[in-house]
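Undergrad: Take these sequences, add in the hints, and give me the full structure.
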Amino acid sequence: MHPHLHTKDNIACEEVMTALEECHAKGFLWKSMGMCNDAKHQVTLCLRAERLKRTAKNRENAKAKRDAIKAAWAEIDENS
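Residue numbers (the UniProt record's numbering): 1 to 80.
Derived from the structure by calculation, the hints contain no laboratory data. Keep in mind the model is a prediction, meaning the values are calculated, not measured. Hints may contain errors.
Claimed, not checked - Quick list of the computed label-pair ranges, beta carbon to beta carbon:
{"#": "1", "residue 1": "Asn79", "residue 2": "Glu15", "range": "16 to 26 Å"}
{"#": "2", "residue 1": "Thr18", "residue 2": "Asp77", "range": "54 to 64 Å"}
{"#": "3", "residue 1": "Thr18", "residue 2": "Leu52", "range": "35 to 45 Å"}
{"#": "4", "residue 1": "Asp38", "residue 2": "Lys63", "range": "35 to 45 Å"}
{"#": "5", "residue 1": "Arg59", "residue 2": "Phe28", "range": "38 to 48 Å"}
{"#": "6", "residue 1": "Ala56", "residue 2": "Glu14", "range": "13 to 23 Å"}
{"#": "7", "residue 1": "Asn79", "residue 2": "Lys40", "range": "28 to 38 Å"}
{"#": "8", "residue 1": "His24", "residue 2": "Lys63", "range": "33 to 43 Å"}
{"#": "9", "residue 1": "Glu21", "residue 2": "Ala68", "range": "21 to 31 Å"}
{"#": "10", "residue 1": "Lys31", "residue 2": "Leu52", "range": "22 to 32 Å"}
{"#": "11", "residue 1": "Ile11", "residue 2": "Lys40", "range": "17 to 27 Å"}
{"#": "12", "residue 1": "Ala56", "residue 2": "Glu22", "range": "26 to 36 Å"}
{"#": "13", "residue 1": "Thr18", "residue 2": "Ala72", "range": "45 to 55 Å"}
To be verified - With a straight-line Cα cutoff of 20 Å, these simulated SDA-like cross-link-like pairs (lysine to any residue) come out:
{"#": "14", "residue 1": "Lys8", "residue 2": "Asn61"}
{"#": "15", "residue 1": "Lys53", "residue 2": "Glu15"}
{"#": "16", "residue 1": "Lys63", "residue 2": "Ala74"}
{"#": "17", "residue 1": "Lys40", "residue 2": "Ile76"}
{"#": "18", "residue 1": "Lys8", "residue 2": "Thr18"}
{"#": "19", "residue 1": "Lys53", "residue 2": "Gln42"}
{"#": "20", "residue 1": "Lys40", "residue 2": "Met17"}
{"#": "21", "residue 1": "Lys8", "residue 2": "Glu50"}
{"#": "22", "residue 1": "Lys40", "residue 2": "Thr18"}
{"#": "23", "residue 1": "Lys31", "residue 2": "Met17"}
{"#": "24", "residue 1": "Lys40", "residue 2": "Glu14"}
{"#": "25", "residue 1": "Lys40", "residue 2": "Asn58"}
{"#": "26", "residue 1": "Lys26", "residue 2": "Val16"}
{"#": "27", "residue 1": "Lys26", "residue 2": "Asp38"}
{"#": "28", "residue 1": "Lys31", "residue 2": "Glu15"}
{"#": "29", "residue 1": "Lys53", "residue 2": "Asp9"}
{"#": "30", "residue 1": "Lys26", "residue 2": "Lys40"}
{"#": "31", "residue 1": "Lys70", "residue 2": "Asn58"}
{"#": "32", "residue 1": "Lys40", "residue 2": "Lys57"}
{"#": "33", "residue 1": "Lys40", "residue 2": "Asn10"}
{"#": "34", "residue 1": "Lys8", "residue 2": "Lys53"}
{"#": "35", "residue 1": "Lys57", "residue 2": "Asn10"}
{"#": "36", "residue 1": "Lys65", "residue 2": "Ile76"}
{"#": "37", "residue 1": "Lys40", "residue 2": "Asp9"}
{"#": "38", "residue 1": "Lys53", "residue 2": "His41"}
{"#": "39", "residue 1": "Lys31", "residue 2": "Val16"}
{"#": "40", "residue 1": "Lys31", "residue 2": "Ala19"}
For every residue, glycine included, the Cβ atom is placed at its ideal position computed from N, Cα and C.
TA: The following block contains the structure:
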């Protein structure tokens, strides 16, 4: 598996990534016959779900920052 996939952000997918690694370890013919396709699909679904969680969290954080900045500017405008 690619090293960049094994990060703290993808810890929930560790089990399915390990299953894919074990499948790939069975050899080239096993992979080329499509025997690892289901495991790869599960990894893709898991990583996508984790990415969507991070995206939603980042969006919430950005909205909170924007709201704080707007409030600060509103306060500055009131005091001017």
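Undergrad: Hint by hint, note whether the structure agrees.
TA: How the hints compare with the structure:
no.	hint	in the structure
1	Asn79 <-> Glu15: 16 to 26 Å	violated, 55 Å
2	Thr18 <-> Asp77: 54 to 64 Å	holds, 55 Å
3	Thr18 <-> Leu52: 35 to 45 Å	violated, 22 Å
4	Asp38 <-> Lys63: 35 to 45 Å	holds, 38 Å
5	Arg59 <-> Phe28: 38 to 48 Å	holds, 42 Å
6	Ala56 <-> Glu14: 13 to 23 Å	holds, 21 Å
7	Asn79 <-> Lys40: 28 to 38 Å	violated, 58 Å
8	His24 <-> Lys63: 33 to 43 Å	holds, 41 Å
9	Glu21 <-> Ala68: 21 to 31 Å	violated, 43 Å
10	Lys31 <-> Leu52: 22 to 32 Å	holds, 28 Å
11	Ile11 <-> Lys40: 17 to 27 Å	holds, 19 Å
12	Ala56 <-> Glu22: 26 to 36 Å	holds, 31 Å
13	Thr18 <-> Ala72: 45 to 55 Å	holds, 47 Å
14	Lys8 <-> Asn61	holds, 19 Å
15	Lys53 <-> Glu15	holds, 18 Å
16	Lys63 <-> Ala74	holds, 16 Å
17	Lys40 <-> Ile76	violated, 54 Å
18	Lys8 <-> Thr18	holds, 15 Å
19	Lys53 <-> Gln42	holds, 17 Å
20	Lys40 <-> Met17	holds, 8 Å
21	Lys8 <-> Glu50	holds, 11 Å
22	Lys40 <-> Thr18	holds, 11 Å
23	Lys31 <-> Met17	holds, 15 Å
24	Lys40 <-> Glu14	holds, 13 Å
25	Lys40 <-> Asn58	violated, 27 Å
26	Lys26 <-> Val16	holds, 16 Å
27	Lys26 <-> Asp38	holds, 15 Å
28	Lys31 <-> Glu15	holds, 19 Å
29	Lys53 <-> Asp9	holds, 10 Å
30	Lys26 <-> Lys40	holds, 14 Å
31	Lys70 <-> Asn58	holds, 18 Å
32	Lys40 <-> Lys57	violated, 26 Å
33	Lys40 <-> Asn10	holds, 15 Å
34	Lys8 <-> Lys53	holds, 13 Å
35	Lys57 <-> Asn10	holds, 15 Å
36	Lys65 <-> Ile76	holds, 17 Å
37	Lys40 <-> Asp9	holds, 18 Å
38	Lys53 <-> His41	holds, 19 Å
39	Lys31 <-> Val16	holds, 16 Å
40	Lys31 <-> Ala19	holds, 13 Å
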